[in-house]
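**Q** Listed below are the residues making up each chain.
Number of protein chains: 2
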Amino acid sequence: MQKQVEYSEAIKTKYPEQVVIAIAKDKKGRANPVTLGWTMIVSGEPPMMAIAVAKKHYSIETIRHSKCFTIAFPSSEMADAALFFGSKSGRDVDKFAEFDCATEPAKKIDSLLLTDAVANFECTLESQAEAGDHIIFIGKIVASHTNTDPKKRLYTIGPGHKLGSAS
Amino acid sequence: MQKQVEYSEAIKTKYPEQVVIAIAKDKKGRANPVTLGWTMIVSGEPPMMAIAVAKKHYSIETIRHSKCFTIAFPSSEMADAALFFGSKSGRDVDKFAEFDCATEPAKKIDSLLLTDAVANFECTLESQAEAGDHIIFIGKIVASHTNTDPKKRLYTIGPGHKLGSAS
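Respectively, the protein sequence lines represent chains H and X. No gaps in the numbering here: position 78 of the first sequence is 82 in the working numbering, and each next residue is one more. No gaps in the numbering here: position 19 of the second sequence is 23 in the working numbering, and each next residue is one more.
Keep in mind the hints are simulated off the structure, nothing from the lab. The reader is advised that the hints may include incorrect statements.
Heads up, the list lumps identical chains together, so a pair's fine if it works in one copy or across two of them.
[Unchecked claim] Below, computed lysine-lysine pairings styled on PhoX-like, alpha-carbon distance capped at 20 Å: (1) Lys71 - Lys7; (2) Lys92 - Lys156; (3) Lys155 - Lys71; (4) Lys7 - Lys111; (5) Lys59 - Lys16; (6) Lys144 - Lys112.
Let's have the full structure, built from the sequences with the hints guiding it.
**A** Given below as structure tokens:
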């Protein structure tokens, strides 16, 4: 039976939710990673993915500047990195300089891949749409990578940035 | 270590993925449910969600017609309904007439709620964006409902519509 409740209560049922780390370079050429829970595939042919980024986030500037971004699926071992990248702003901090996280150059776009992620998708920015307090960036996937070692994905398993793996 | 692979291979790492059922009425007033894997929250204030619907799907017409839709989080017991709603077209079949699935009227929009779902969100259509072979519908949540009994959410746990629960 359904009972009408506040949105803040009902949305708790979304967990566990997949987490991604999006990476784009700013105008100084510095790669800026941000942890995001709001992402989805949006096209099969061509393959495309979307991410929703809060309007106040520095990532808005970096993605608009470089017109491309990486979407990495962090592994369950990367919870500390995901928390750091999601709680600091690239306006104040060079996140990759301050947190030890292995990276390698992307192949088709001017961005980085996360070496220990489950997978990395290189995206060119195709369009963007406004939605309330977020901007939706729609990217076309131009290269895909997986980890040579089997890894479990990182999930948000409850409110308040509680992270873990689900399988 | 990352290794470049085909997209079709890399995207297998997305599972388990949450499934939703979107419902909108067509011009005959018939509610049409469709099962979707591609969905995300897109705004916190106001609360908004987006769904990506294949351009060829009948649901495109129904959502554009009624300018509102329900997003239901099906429970793990609803795998058969999710498969039926996701594999038939509302052009050919009255899905709610052919598959026994308890519904009740939405409170704020002209749509239905799924009685046995984990949660239901009533959305008004705010905007839409094109992305490859899909249309992204962006909805503002105007009412939220949860099940009075605790239920587990339904997930796609692997390619080929393999459904199950994750926790």
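**Q** All hints are to be evaluated individually against the structure, with a verdict given for each.
**A** So, going through the hints one by one against the coordinates:
{"no.": "1", "hint": "Lys71 - Lys7", "result": "neither (44 Å within a copy, 24 Å between copies)"}
{"no.": "2", "hint": "Lys92 - Lys156", "result": "neither (25 Å within a copy, 33 Å between copies)"}
{"no.": "3", "hint": "Lys155 - Lys71", "result": "neither (29 Å within a copy, 42 Å between copies)"}
{"no.": "4", "hint": "Lys7 - Lys111", "result": "between (50 Å within a copy, 11 Å between copies)"}
{"no.": "5", "hint": "Lys59 - Lys16", "result": "neither (23 Å within a copy, 30 Å between copies)"}
{"no.": "6", "hint": "Lys144 - Lys112", "result": "within (12 Å within a copy, 36 Å between copies)"}
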